[in-house]
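There are 4 protein chains.
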Amino acid sequence: MIRFESDYTEGAHERIMNKMVATNRVQTSGYGVDEYCERARQYIRTACGNEAVDVHFLVGGTQTNMTVISSILRPHQGVIAAVTGHIAVHETGAIEATGHKILTLPSDDGKITAAQVQQLYEQHWNDATHEHITQPGMVYISQPTENGTIYSHAELEALYEICQQHDLPLYIDGARLGYALASPENDLTLERIAELCDVFYIGGTKVGALMGEAVVFVNDRLKKDFRYLIKQRGGMLAKGRILGIQFETLFEDGLYMEVSQHAVQQALRIRDAFAAQGFTFRYDSSTNQQFPIVSHEVLDKLRTKYSFSLWEKVDEQHSAIRFCTSWATQVQQVDELVNDIAQLEPVSSLTGR
Amino acid sequence: MIRFESDYTEGAHERIMNKMVATNRVQTSGYGVDEYCERARQYIRTACGNEAVDVHFLVGGTQTNMTVISSILRPHQGVIAAVTGHIAVHETGAIEATGHKILTLPSDDGKITAAQVQQLYEQHWNDATHEHITQPGMVYISQPTENGTIYSHAELEALYEICQQHDLPLYIDGARLGYALASPENDLTLERIAELCDVFYIGGTKVGALMGEAVVFVNDRLKKDFRYLIKQRGGMLAKGRILGIQFETLFEDGLYMEVSQHAVQQALRIRDAFAAQGFTFRYDSSTNQQFPIVSHEVLDKLRTKYSFSLWEKVDEQHSAIRFCTSWATQVQQVDELVNDIAQLEPVSSLTGR
Amino acid sequence: MIRFESDYTEGAHERIMNKMVATNRVQTSGYGVDEYCERARQYIRTACGNEAVDVHFLVGGTQTNMTVISSILRPHQGVIAAVTGHIAVHETGAIEATGHKILTLPSDDGKITAAQVQQLYEQHWNDATHEHITQPGMVYISQPTENGTIYSHAELEALYEICQQHDLPLYIDGARLGYALASPENDLTLERIAELCDVFYIGGTKVGALMGEAVVFVNDRLKKDFRYLIKQRGGMLAKGRILGIQFETLFEDGLYMEVSQHAVQQALRIRDAFAAQGFTFRYDSSTNQQFPIVSHEVLDKLRTKYSFSLWEKVDEQHSAIRFCTSWATQVQQVDELVNDIAQLEPVSSLTGR
Amino acid sequence: MIRFESDYTEGAHERIMNKMVATNRVQTSGYGVDEYCERARQYIRTACGNEAVDVHFLVGGTQTNMTVISSILRPHQGVIAAVTGHIAVHETGAIEATGHKILTLPSDDGKITAAQVQQLYEQHWNDATHEHITQPGMVYISQPTENGTIYSHAELEALYEICQQHDLPLYIDGARLGYALASPENDLTLERIAELCDVFYIGGTKVGALMGEAVVFVNDRLKKDFRYLIKQRGGMLAKGRILGIQFETLFEDGLYMEVSQHAVQQALRIRDAFAAQGFTFRYDSSTNQQFPIVSHEVLDKLRTKYSFSLWEKVDEQHSAIRFCTSWATQVQQVDELVNDIAQLEPVSSLTGR
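Top to bottom, those sequences are chains A, B, C and D. One point on numbering: in our numbering, the residue at position 349 of the first sequence is 349, and numbering is uninterrupted. One point on numbering: in our numbering, the residue at position 7 of the second sequence is 7, and numbering is uninterrupted. One point on numbering: in our numbering, the residue at position 203 of the third sequence is 203, and numbering is uninterrupted. One point on numbering: in our numbering, the residue at position 287 of the fourth sequence is 287, and numbering is uninterrupted.
One should not assume that every hint holds.
Reference excerpt, derived from the structure (chain C facing chain B, CB under 7 Å, subset only) [said to hold, decoys possible]:
hint, residue
1, Ser70
2, Pro75
3, His76
4, Glu131
5, His132
6, Gln135
7, Tyr228
8, Leu229
9, Lys231
10, Gln232
11, Arg269
Derived by calculation from the structure, the hints in this document are not laboratory data. All values derive from a computational prediction rather than experimental measurement. All C-beta atoms in this analysis are idealised placements derived from N, C-alpha and C, irrespective of residue type, glycine included.
Please model the complete structure; the sequences and the hints are all you need to start from.
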């Protein structure tokens, strides 16, 4: 079985493993104030082109989201997100468990627009009984989205302008940020992202690390006391160095983007192979997740050799499936998949979506 | 600087690192249902002498405590703990952040007694307005305690009997459980512990792993849906295998106890060295943490070469300090410390505690 | 200005005020264990035809909803509700503030169906990663709904059957329960309601009392320790007698239904007056809230003399408005309104909804 | 049985009842923005000598405490309070249920000092691992305390100075504030209190109203969005007028102080009667609660005719008991009690406290 079901089926990039082994006996302080964390912070500040940002390392995405969001909102405030956002659907109510409602906006491709945020904001404040309604307190987006799509520079700029107008901090979940930056359709840089939001995180777990997410606070007002929050929400590792070593390795000489580019290239080969056979896609993704729509016959055939995710039923005969690539995806395994796709029957027509 | 300040100053035991490197490219499912986790679970079930226990892997101690405790209590219930308990003093209010009060019992050595629990229980239920008071809902203890002391078999048995009488689940925080089991004064086994509580955890972070704690649910009634809770509280690693590999290594052939015994032996050498010079101790510890009371002159002298924790001021001239050993403590570094201690002036008399 | 904007524009029914004045100097115990509360409980048990139910008095609807719901759910569970449900839209995130997500189902008229609950339930448990998703833990409905519509006997029976099959406690928000029971279209009784759910409340605030809601626990499993929860959530009045006196008065000789019938009769007169002129309605309500759709010219004309709620814009020229009646609605004021409606221009055609 | 067990055994002062009856049919807006609430707010602003304060009406004390405190703290912060404080012991963990730890300070008489707050503050910030400890975020005191004692002007001034130095908002629980102001030992005024804290509440429930507490925000920074919080925590009454009418009546022409003075005078008569017989007191109270220490024989004798609270066992033969007076306490009933006390045997000697 060749696994394309997710971008976390292996351990970590070998350079990370080597560094962890090489430094294993070095003695350091605990809780993320060691030299590795410090150097990793510095590399990330440089990569963001902003020496003033605060950088913290947490363990996983759900933990990062709940810690950041609950550190920003007051009790009566909620976080605006796409109805498909990870916090809204795949975190077992972690945000609500910290006391906050998620104010969902409709979205098919995983993105939300400045206009939608503006409308929700107006709707709230124009309501005569707005004190009976959860107040919008911040905005959450994912880059790339859970559907593999990405915000363009113009879209992000428009969104952030509205957020700033209404004093709604913008938080970007970058669990797969590298894959957005590596997309051929991307027109954003890490520096620009750090200018177009208040706080974001650079995902490690899904981009080559064993685990770990680097939170970057840009907005000074939100920085205060965040280490308390990390500790309270269970995200402060005693051996914090483990996170530092990984992000140091990912950012000291470009490994993060190298890994991301590799994964995206392989994903696009899979995309192109499906497209060549006439298959269509559930989302227009140019990142490391691809969502071809296949008949159930094709699905069963692919399943005999590959593991992938069943994404959603499209009609009685067809489903969207998800193929993921990562730092660890082997070119020859993609070769094999691409060859097998080339043997598939052209997709039967969909009963109109 | 030789570090004795904590038991998490290095990475992980080399056998763990080797296994992680060796398995790095193996593809597995995510979220803790991979083969490594399964094997680790089986080893732990066997070590506990109970095939029916549920075993889950979380990342750190605070996370484990808040996840377990909030999974057990109803909203109006609190958890009974020593006033010195980790949850009461060193977790930034993580338990309260899940909505629950900690009902603290006085303790000097870190332990609580069956009689104290009985008294608090009676006090609550005899109060005419008990509905205005947080209801005791479970009991938390640490083995060993934060002060290095351990519960004897008789003490634990007595405590658990009271807990069972009053339907108060007993939870043991075993962040350093190995060091209790390795103590020369210990008369408990892992099997017996698994019979004398409802849920406990076997600490990895402080006993040779990079990070990770293995929660063991003994009481059937408390097992339900715990994986949801792990996810909600941010403890479910995408690459859950990392925890499985570590616990598999620690439990497949006795490494956990081997590591623990080494640390305790070295700690007792330090203890004996201080005692030989006439120093007294803040707590009567036979585990990997030692708390000698030293004059501030001695303290300053030791500081030039060793790092350790300043525990608490005892009087104007003296403080208790903490030396920690671990799997990584090197015998020759302890030799050096022991020699240096032997040169210290006998402790000046304390202004009576 | 004649107010039809809500059912809480006046104080309490005069018989309640009289009783409160008459008993003002009687000395009682506090916190709801006085003789008035006891008698009120007994009247309600009798009205429900079930001597085994537990009855508690709380102050308001949001408080009651958050106290009941948070007493039932475990942390990883959410409450299923219509997207229009009061808890979902008009309680400033009170449910989320207790840690729980609201799992909303689409609804136009305010009701949800057994089939919808069944589907959401299946969707959850069929998801391979259901532990990453908030688990459905109970069902919330309102009778009548926020839109004035009511569940029929058959609908409620079907819903409760599904709930029982899946161990999902069913909770009915009866903020305006009397108005449902007084509807000419109603085929349920209080006794039958007490058989077709696990817990519900009989609203006082909007049905003749100064304030107060009577929670009725039918399901034994949910009864435990609810007084602790009332206290913790701020709902336990020191002078609990105030609630007891009111519910005693409402239930000792039929005042609750008398008041409800009066309000519904007056509401139906308003409905009929609008209908006679050809106006249509946003919802098909037979209870004390009526939602005619009027042109903005009509709206402005009515506004000069009456206060009512602007419910929602229907198209550029039309809006739905809400007229509420209550125990205090005066017949001659409705006469006046009815006469004025009869003078209105027949409604201009809607741009197709 | 003559009841002295609490200050909430009757309804409300007759002038309040009369006003409620007289205004019962007046139609108003809901949710506390009616004319009665507005006038009550204005009277309170005037009484506080500060036109800029924000005044809100809530229903009860626990609700007020949890709403105010959770509106001020960030998640990692706790509230400093006396170990005997109402929030620490008699609110079923309501504060913790909003996510916050109570940082208790030892206190025998119910008061805390500026020095204690200073010490706790220093202890926190001097701790090298302070991020692992709940951060002190505000200070809670009660005036009078739960033990009937009061802060002097000098004590409050000193406390507030420390609070301001460390940016710790000071919140005063004034559930019985009138009784402090009416004490012969009091040297504070409402105006001065409004200068020496950031937010406080003027209790109605225990001082003549049916229920209701008036929260006064002095500090501008804390005022924002408090109505959202009231709604979310269940404290916003639909018929908010009920609270407005009561506070209007209490503050329009001095009723609040009139009622308070009556209660304190009667309490002091009881105190003097016990003192005259040689009884001692558990606390040195000059307010409406008195805590004589009596032998169990005396206790049993008193019990045959009067109800009062059993406060705490003092030794095997003696207990402290509590007598409460209120607006409703009848002079002739106190006459009777005073006469009966005069017949009691002088108190037997206590086994040394």
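These are the hints, each one checked on the structure:
1. Ser70: This hint holds: C:Ser70 lies near chain B, its Cβ roughly 6 Å from the closest one there, short of 7 Å.
2. Pro75: holds, 6 Å
3. His76: Where the cut-off is 7 Å and the nearest Cβ of chain B is about 4 Å from C:His76, the hint holds.
4. Glu131: holds, 4 Å
5. His132: holds, 5 Å
6. Gln135: holds, 6 Å
7. Tyr228: Constraint on C:Tyr228 satisfied, holds at 4 Å.
8. Leu229: Cβ of C:Leu229 sits 6 Å from chain B, so the hint holds.
9. Lys231: Where the cut-off is 7 Å and the nearest Cβ of chain B is about 5 Å from C:Lys231, the hint holds.
10. Gln232: Where the cut-off is 7 Å and the nearest Cβ of chain B is about 5 Å from C:Gln232, the hint holds.
11. Arg269: Violated: closest Cβ of chain B sits about 46 Å from C:Arg269, beyond 7 Å.
When the structure is compared with the earlier hints, a violation turns up for hint 11 alone.
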